[in-house]
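Visitor: Reconstruct the complex from the two isolated chains, following the hints.
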Amino acid sequence: IAGITQAPTSQILAAGRRMTLRCTQDMRHNAMYWYRQDLGLGLRLIHYSNTAGTTGKGEVPDGYSVSRANTDDFPLTLASAVPSQTSVYFCASSDRHMGTGELFFGEGSRLTVL
Amino acid sequence: AQKVTQAQTEISVVEKEDVTLDCVYETRDTTYYLFWYKQPPSGELVFLIRRNSFDEQNEISGRYSWNFQKSTSSFNFTITASQVVDSAVYFCALGYGMRFGAGTRLTVKP
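Here the protein sequences come in this chain order: S and R. Residue numbers for the first sequence follow the numbering used here, beginning at 1 and rising by one. Residue numbers for the second sequence follow the numbering used here, beginning at 1 and rising by one.
So that you can see chain R by itself, here it is in the shape it has in the complex (with noise of 0.2 Å):
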């Protein structure tokens, strides 16, 4: 069976602070497919990344970074210096299946 879990339901961080969300993964698939989306207040669903179990690289994109770890199926998301725009609810999610994890809704105050 797949699924996810983003055990953090709610994260609360000031502006600036540095923040990580996680998402634990279940799959009996040995190939793979990992994403995250943000879901800002207005309530669009906006892609962020996808990542390719073959590769366990980490991804940085400006204030975003991930560390996927195959070992721990983990794929978790790091928010550098955070900021009020990045208040959203934000989705794991596991291909094949395309199930999505429960969310995790950021809240960056100034």
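Okay, chain S solo, but in the shape it has when bound (with noise of 0.2 Å):
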């Protein structure tokens, strides 16, 4: 049983570069989500997906956008990556309407802008 699976694990990317961060899950889950986590801050939402074909904004979408063409995938894009945009990413899952049901993540991408 896969769950979610992001790629890359680990990305080192020059800023100004554009970069997307991959997320799958296998479960069928309607709600997805991107979050950051960064030292002393916890996770913070970037960007969710309540159901195929809707996005929405969370705390801290700027630089970053979302697709949710089916309901399996859910990339994360930087159009044009920035230090301050190091951080690890989680994907995550929920089977129910968002803040209802706990979140499945996946294991994290680690991404370095320099």
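Think of the hints as simulated: they come from the structure by calculation, not from any bench. Take every hint as true, because none was put in to throw you off.
EDC-like mimics (lysine to aspartate or glutamate), calculated; alpha carbons at most 20 Å apart, straight line:
| # | chain 1 | residue 1 | chain 2 | residue 2 |
| --- | --- | --- | --- | --- |
| 1 | S | LYS57 | S | ASP38 |
| 2 | R | LYS38 | R | GLU10 |
| 3 | R | LYS70 | R | GLU26 |
| 4 | R | LYS38 | R | ASP22 |
| 5 | R | LYS38 | R | GLU59 |
| 6 | R | LYS38 | R | ASP86 |
| 7 | R | LYS38 | S | GLU102 |
| 8 | R | LYS38 | S | ASP38 |
| 9 | R | LYS38 | R | GLU15 |
| 10 | R | LYS38 | R | ASP18 |
| 11 | R | LYS16 | R | ASP86 |
| 12 | R | LYS3 | R | GLU26 |
| 13 | R | LYS3 | S | GLU102 |
| 14 | R | LYS109 | R | ASP86 |
| 15 | R | LYS3 | S | ASP38 |
| 16 | R | LYS70 | R | ASP22 |
| 17 | R | LYS38 | S | GLU107 |
| 18 | R | LYS3 | S | GLU59 |
Guide: Okay, here's the thing in structure tokens:
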């Protein structure tokens, strides 16, 4: 049982480059989320999707975009990476509407922007 | 606005001690959910508990227990007889916006 798969696991990126973090789930969950984790700040919600075809902004959406073309995939794109986007990124899913069900997390993608 | 505060940044205890992790939240919603997650040194995030705002009964699961007090907007987590394997960062979270606290790093020393 894979659950949520994130790729890449780790990436070093030059500032100004475009980067897409991939997230795929095999649980058929409707809701999906992207968080970033920074020391001392916990996890902060970047974008979310309650169902395929819809997305919404979270707490820190600037500089990021997402799409939800189908139930399984929820990629996160950094159009022009900046050093402040250096972080660990977690994708998560839930079988309930946003905020009501527990989250199942991927293993995280560590991104370093130089 | 929704906010979760975990005032304890780091806690260190000796094995077998009891330890309580504090969580205070703010919300204007009348119905909401609260959660606790664990992040061990390996880095994955593991769900521990979900609590509906209508259910103020305390929850006990083995050595873990949770005290939800709506009157003080708190949802505290107690580990009884702590073990080295309990060493982790623990996050409290509030639903409808899925706001996480900054986390409490618990170190249990042998």
